[in-house]
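Protein chains: 2
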Amino acid sequence: MELIYLDNAATTSIFPEVVLVMQETLKENYGNPSSVHAVGRTAKAKVESARKYIAQQLGAQPQEIIFTSGGTEGDNTILQGAVQYLGVKHIISSPIEHHAVLHPLTHMAAQGLITLHMVKVLPNGFPDMHDLDRLLTSIPDKKLVSLMHINNEVGSMIDLNAVGDLCHQHNALFHSDAVQSIGHYQLQLGELPLDFAVASAHKFHGPKGVGFMYVRKKTGLGGLLLGGAQERGMRAGTEAVHNIVGMEEALRMSYQTLDEDTAKLKELKSYCLSALQEALPGTVFNGACYDMNLSTHTLVNARLPFDEKKAQLLTFHLDLQGICCSKGSACQSGSESGSHVLQTLLSPNENKFPSLRFSFAATNTKDEIDKLVSVLAAYAKS
Amino acid sequence: MELIYLDNAATTSIFPEVVLVMQETLKENYGNPSSVHAVGRTAKAKVESARKYIAQQLGAQPQEIIFTSGGTEGDNTILQGAVQYLGVKHIISSPIEHHAVLHPLTHMAAQGLITLHMVKVLPNGFPDMHDLDRLLTSIPDKKLVSLMHINNEVGSMIDLNAVGDLCHQHNALFHSDAVQSIGHYQLQLGELPLDFAVASAHKFHGPKGVGFMYVRKKTGLGGLLLGGAQERGMRAGTEAVHNIVGMEEALRMSYQTLDEDTAKLKELKSYCLSALQEALPGTVFNGACYDMNLSTHTLVNARLPFDEKKAQLLTFHLDLQGICCSKGSACQSGSESGSHVLQTLLSPNENKFPSLRFSFAATNTKDEIDKLVSVLAAYAKS
Chain D
1 MELIYLDNAA
11 TTSIFPEVVL
21 VMQETLKENY
31 GNPSSVHAVG
41 RTAKAKVESA
51 RKYIAQQLGA
61 QPQEIIFTSG
71 GTEGDNTILQ
81 GAVQYLGVKH
91 IISSPIEHHA
101 VLHPLTHMAA
111 QGLITLHMVK
121 VLPNGFPDMH
131 DLDRLLTSIP
141 DKKLVSLMHI
151 NNEVGSMIDL
161 NAVGDLCHQH
171 NALFHSDAVQ
181 SIGHYQLQLG
191 ELPLDFAVAS
201 AHKFHGPKGV
211 GFMYVRKKTG
221 LGGLLLGGAQ
231 ERGMRAGTEA
241 VHNIVGMEEA
251 LRMSYQTLDE
261 DTAKLKELKS
271 YCLSALQEAL
281 PGTVFNGACY
291 DMNLSTHTLV
301 NARLPFDEKK
311 AQLLTFHLDL
321 QGICCSKGSA
331 CQSGSESGSH
341 VLQTLLSPNE
351 NKFPSLRFSF
361 AATNTKDEID
371 KLVSVLAAYA
381 KS
Chain V
383 MELIYLDNAA
393 TTSIFPEVVL
403 VMQETLKENY
413 GNPSSVHAVG
423 RTAKAKVESA
433 RKYIAQQLGA
443 QPQEIIFTSG
453 GTEGDNTILQ
463 GAVQYLGVKH
473 IISSPIEHHA
483 VLHPLTHMAA
493 QGLITLHMVK
503 VLPNGFPDMH
513 DLDRLLTSIP
523 DKKLVSLMHI
533 NNEVGSMIDL
543 NAVGDLCHQH
553 NALFHSDAVQ
563 SIGHYQLQLG
573 ELPLDFAVAS
583 AHKFHGPKGV
593 GFMYVRKKTG
603 LGGLLLGGAQ
613 ERGMRAGTEA
623 VHNIVGMEEA
633 LRMSYQTLDE
643 DTAKLKELKS
653 YCLSALQEAL
663 PGTVFNGACY
673 DMNLSTHTLV
683 NARLPFDEKK
693 AQLLTFHLDL
703 QGICCSKGSA
713 CQSGSESGSH
723 VLQTLLSPNE
733 NKFPSLRFSF
743 AATNTKDEID
753 KLVSVLAAYA
763 KS
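Protein chains in written order, with the working numbering: chain D, 1 to 382; chain V, 383 to 764.
Hints are supplied without guarantee of correctness; some may be wrong.
Computed list of lysine to any residue pairs in SDA-like fashion (alpha-carbon distance at most 20 Å, straight line) [said to hold, decoys possible]: (1) D:371 - V:420; (2) D:366 - D:259; (3) D:327 - V:423; (4) D:27 - V:405; (5) D:89 - V:405.
Hints are computed from structural coordinates only; laboratory data are not their basis.
Chain D on its own, in the form it takes in the complex (with noise of 0.2 Å):
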């Protein structure tokens, strides 16, 4: 049976040229880029230059770009780091944050090393700017901001430059995780109000087990994993040449064809929502999702009109016909628990529904959504 990958914002399929320069670099360039002869150099050649094309691609300059192992050890390096080297006590953040940044926060609350502020989040899935501000007005210490830039569950977008001047005004930090947004968008980084933003190579078809910290230069910012020299002391460890350079070459070809695949992706997306809508009348979409001013063309969180007993089998139909998509984050599926994020965005008799997120990639078809129309459509007849 084909089947039907609709669960890109969990992870992406690697584009073929990014399996081959990997290949590449693990067969010629095995040099530990800390070592000072030839071999170590090559390595560390190719480590740079992937650094210096990230940081010329999103607007930032080589020494803000640090290499990761993917969008956790960013999210925990930049929270935990803000809360150890630069006098952090008070954190804002959201409940619809990726549990990445949502953990480490909690964690540390519990530990009593930070106060954390949960700001109102509306049922578009958008911070209520002014919770926000009446928050940041009341904190007088050193404070940080961290709120996602896409929300990897529902799709909306924050305006990174208002939030960020808010914060910026407040003399807040601001982070922001980037995951969903970095290869799908064009950010400059550095034109915006941002201190620290997240990226992970697997979400725009690079290799797992990579990504990259954007730590704006002079915030004072240390490591979290530390011992050897490696990026500057920000981030100890060998790095990872064939995965930087995998993730280098897939962040060009995502910027390549961003235009084409934009525009495809939206005309996809629009398609997706009258098809759902048509097939399946009472079909409410989540979040601001319907919107692509204010959501990603990378997703669409349908919730679905199901009885309680269809809604139980459902993502294990759409499994047997060969329909990958998600209830939610990927790294939550597992768990029986239900997401986060729509607890948070819908009431509870909303959330009896069941909801999905289809998540595209460029090379998806509107074939393969009519596929997955005619199948919801059948099953809600059966």
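Place chain V on chain D using the hints.
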């Protein structure tokens, strides 16, 4: 010019078969192991099968093997975690540990989170067991001992049974960085008096950016990188499936030919020791690396009879001749501060002579040693 790579303790070339399985995994198994659909389950199966193999190979249980981004992350997670989760207030270590151990320890000590005790180290690179006993006896509180199995610079190999038994007699937890031994020696972790250990794939012909921790079950250790529920909460972040599968294959291949490789390496090391002493009378071997009962057969750390002027250009000269070796650990190769290991083990007068580490893989040959020795001999006469 044909390069002669004698820096295998810094990193190793990757087995072609490892590149092959990684390449296949990148192409075919791009799923997120946390996704519950078909594509996710296939990736999950790969990860769990690797865990099972590695556990079995090392006499551990699968749930005791936690995948990480490498040795540094493993050391940091264990050391920082012991303080955060296990109530450890005192840590005993040695001044010749890897920076991935020393730096988190000095950082935590500076923050007032722990009292750090340094055991005396004998000139041959072994901890003074009487001093260790004295330290353990003097600390009534919850404590942990961190001593690496094989020293990465001078190769001294501590007796894990003797050290671990002593730790456990004193109710101390015992962690050992086994980055230089796993893949080169057949350890049965479950049978050793060890609570924690750390390995890194790129030291045994696997990929960079992946390793694992051994965490004895029921220790209660928690994660440093928090977020998703991967690795049973011990290490959040999407698993780098291709790297994990590559590590599994590298370990399988290393252990399949372990006996013949060990025989080869012992002969090669003996040959290197004799050839150096013969060609350069006055050469001294640091630590205990002249004795393969006390040190690993994978490396030689030689103190060479060159005057200060010749010493300064020595590594530069070897590099020009295509010989890759290092002054100490790669992680500090770039720095000019010199080896903290040799500063501990040698007197200032001894340390005036240049020391070099030559570290071997089973693919190195006597011809390469001959070339190394002739280049050094010619340099001595130049």
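Verification of the hints:
Between residue 371 (chain D) and residue 420 (chain V), the direct Cα distance comes to roughly 17 Å. Compliance with the 20 Å bound is thereby established for this hinted pair. Distance check on the hinted pair: residue 366 (chain D) and residue 259 (chain D) sit about 19 Å apart at the alpha-carbon level, within 20 Å; holds. In summary, the hint linking residue 327 (chain D) to residue 423 (chain V) is supported, as the alpha carbons are separated by about 15 Å, within the 20 Å threshold. Restraint check for residue 27 (chain D) and residue 405 (chain V): the C-alpha separation of about 11 Å stays at or below 20 Å, so the hint holds.
Taking the CA atoms of residue 89 (chain D) and residue 405 (chain V), the gap is about 45 Å. The hint is violated against a cut of 20 Å.
The structure fails to meet hint 5 from the earlier list, while all remaining hints are met.
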